[in-house]
Amino acid sequence: MQSHDHAISINESPSKIALVTGANSGMGLATTVELLKKDYYVVMLCRSEQRGKEALQIAKEQSNREHVELMLCDLGSLHSIRQFAEAFNERFSKLDALINNAGVVTTKRTTTSDGFESMLGINHLGHFLLTNLLLEKIKRSEQGRIVTVSSGAHKVGKIHFDDPHLKNNFSVIKGYGQSKLANILFTVKLDELLQNTTVKANCVHPGAVSTSLGINRDTGFGKTIHSVLRPFFQTPEQGADTAVYLATFPDLDVSGEYFYKREIIERSTLAQDKTLAENLWEWSEREIALKDKHLLQELKNS
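Take 4 as the starting number for the sequence shown in my numbering and just add one per residue.
Just so you know, the hints here were simulated from the structure itself, not pulled from any lab data.
C-beta: ideal position from N, C-alpha, C; glycine also.
Be aware that one or more of the hints could be misleading.
Claimed, not checked - Computed cross-link-like contacts, BS3-like style, restricted to lysine-lysine with a CA-CA straight-line distance of at most 30 Å:
#, residue 1, residue 2
1, K41, K111
2, K177, K140
3, K40, K264
4, K41, K63
5, K142, K111
6, K111, K19
7, K170, K40
8, K63, K111
9, K177, K161
10, K63, K140
11, K56, K170
12, K161, K63
13, K97, K177
14, K158, K40
15, K142, K177
16, K177, K264
17, K161, K111
18, K170, K158
19, K63, K170
20, K142, K40
21, K19, K177
22, K40, K97
23, K158, K177
24, K41, K264
As the list claims (entries may be wrong) - What follows is a list of derived Cβ distance ranges for each label pair:
#, residue 1, residue 2, range
25, E269, E52, 19 to 25 Å
26, A292, K161, 35 to 41 Å
27, W286, R143, 45 to 51 Å
28, T201, A90, 21 to 27 Å
29, E93, R265, 31 to 37 Å
30, N67, N199, 38 to 44 Å
31, R143, H163, 33 to 39 Å
32, A90, L196, 43 to 49 Å
33, D166, R94, 23 to 29 Å
34, E52, I267, 34 to 40 Å
35, T238, W286, 18 to 24 Å
36, K277, D254, 36 to 42 Å
37, E285, N92, 33 to 39 Å
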């Protein structure tokens, strides 16, 4: 199911096209507004049609632009991601900027529709699949950009290959830290795979507040957890500035790095481990293949 409010026709060709995941609030919405002001045609990717439509109107009002549309996708569902990617690839000839912004925090262990632990499943695996399925369109851009929102929480994260979905000893910090470390490792390996292309892939320290993480809906995000995670959050506008810079600055010649306030910043030792990045990439492919053999084949062919 898609929603194409003021959508361009398939014959039109906007100069620059951007896709923002989790665009209904917080940093995602702020990023959408700033991209619109730079005259990008923006596709807002949201799970909820109601929240998405509300955000669509806000984006139009704050940017004073109309070249924006809402498309629906649940990043916690491989099937939904595949449906969206097919719809997007059919309608658009290229993608100039992909902003992997959507993220969740859960205080209790929950799973996606595919059985993945929710934070790893949505924050990492959902974006892993989405990016791969859109990669050919990104390569068609003269300056393709992939910006993935990580967090300072990656510094407390480890990749638990023995129990990646945290069936034992779950904690919010363990789960969130793992997913945010995965975001950076994904970017490290993606940068390596894109060496012979014009595409640049980078990560950004979140510039996100709790409301942008979907945690005030039904996950019971409480004061205690908020106080624990607060140091990892900035304002949506701060985060949006760096994400938009990485997505649009024409002379950007850096890839595979971790940014905050438009500057490369230090990341954990694990977040620099290329072997770990390779292992995570291969594990992610296998994990997706367990759910859908066709999806893995598409990744292999891309």
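Hints versus structure:
1. For the suggested pair K41 and K111, the alpha carbons sit about 40 Å apart, so the restraint of at most 30 Å is broken.
2. Of the supplied pair hints, the one linking K177 and K140 is violated, its CA atoms being roughly 34 Å apart against a limit of 30 Å.
3. With a C-alpha separation of about 19 Å, the suggested pairing of K40 with K264 holds against the 30 Å cut-off.
4. For the hint linking K41 to K63, the alpha-carbon distance of about 13 Å falls within 30 Å, and the restraint holds.
5. With a C-alpha separation of about 39 Å, the suggested pairing of K142 with K111 is violated against the 30 Å cut-off.
6. Taking the CA atoms of K111 and K19, the gap is about 40 Å. The hint is violated against a cut of 30 Å.
7. Restraint check for K170 and K40: the C-alpha separation of about 44 Å exceeds 30 Å, so the hint is violated.
8. Note on K63 and K111: the hinted pairing is violated, with a Cα-Cα distance of about 36 Å set against a maximum of 30 Å.
9. Taking the CA atoms of K177 and K161, the gap is near 8 Å; set against the 30 Å cutoff, the hint holds.
10. Between K63 and K140, the direct Cα distance comes to roughly 26 Å. Compliance with the 30 Å bound is thereby established for this hinted pair.
11. Our distance criterion of 30 Å between C-alpha atoms is broken by K56 and K170, whose separation comes to about 36 Å.
12. Between K161 and K63 the alpha-carbon distance is near 40 Å, which puts this suggested pair outside the 30 Å criterion.
13. For the given pair, K97 sits about 37 Å from K177 by alpha-carbon distance, which is inconsistent with the 30 Å threshold.
14. A threshold of 30 Å between alpha carbons decides the hint, and for K158 with K40 the separation of about 34 Å lies outside it, so the pair is violated.
15. Between K142 and K177 the CA atoms are separated by roughly 34 Å; this puts the pair beyond 30 Å, and the hint is violated.
16. With a C-alpha separation of about 26 Å, the suggested pair K177 and K264 falls inside the 30 Å cut-off, and the hint holds.
17. About 19 Å separates the Cα atoms of K161 and K111, which keeps this hinted pair within 30 Å; it holds.
18. A C-alpha spacing of about 22 Å is found between K170 and K158, which places the hinted pair at or below 30 Å, so the restraint holds.
19. In summary, the hint linking K63 to K170 is not supported, as the alpha carbons are separated by about 43 Å, beyond the 30 Å threshold.
20. With a C-alpha separation of about 24 Å, the suggested pairing of K142 with K40 holds against the 30 Å cut-off.
21. Pair hint K19 plus K177 does not hold up; C-alpha atoms about 38 Å apart against a cutoff of 30 Å.
22. In summary, the hint linking K40 to K97 is supported, as the alpha carbons are separated by about 20 Å, within the 30 Å threshold.
23. The hinted pair formed by K158 and K177 meets the criterion: a straight-line CA distance of about 11 Å does not exceed 30 Å.
24. Taking the CA atoms of K41 and K264, the gap is about 19 Å. The hint holds against a cut of 30 Å.
25. At about 40 Å, the CB distance of E269 to E52 disagrees with the hint of 19 to 25 Å.
26. For A292 and K161, the Cβ-Cβ distance of about 24 Å falls outside the hinted range of 35 to 41 Å, so the restraint is violated.
27. Take W286 and R143: their Cβ atoms lie about 29 Å apart, and the range 45 to 51 Å is violated.
28. Remark: the range hint 21 to 27 Å for T201 to A90 is upheld by a beta-carbon distance near 25 Å.
29. Distance hint check for E93 and R265: the Cβ-Cβ separation is about 35 Å, which falls inside the suggested range of 31 to 37 Å.
30. Remark: the range hint 38 to 44 Å for N67 to N199 is upheld by a beta-carbon distance near 40 Å.
31. Roughly 37 Å separates the CB atoms of R143 and H163, a value that falls within the hinted 33 to 39 Å.
32. Look at A90 against L196: about 25 Å separates their beta carbons, and that is not inside 43 to 49 Å.
33. In this structure the supplied range 23 to 29 Å is violated for D166 paired with R94, their Cβ-Cβ distance being about 40 Å.
34. Under the hint 34 to 40 Å, the C-beta atoms of E52 and I267, about 38 Å apart, fit the expected range.
35. Between T238 and W286 the beta carbon distance is about 34 Å. The supplied range of 18 to 24 Å is therefore violated.
36. At roughly 26 Å, the beta-carbon separation of K277 and D254 lies outside the given 36 to 42 Å, and the hint is violated.
37. Checked against the given bound of 33 to 39 Å, the beta carbons of E285 and N92, roughly 25 Å apart, lie outside it.
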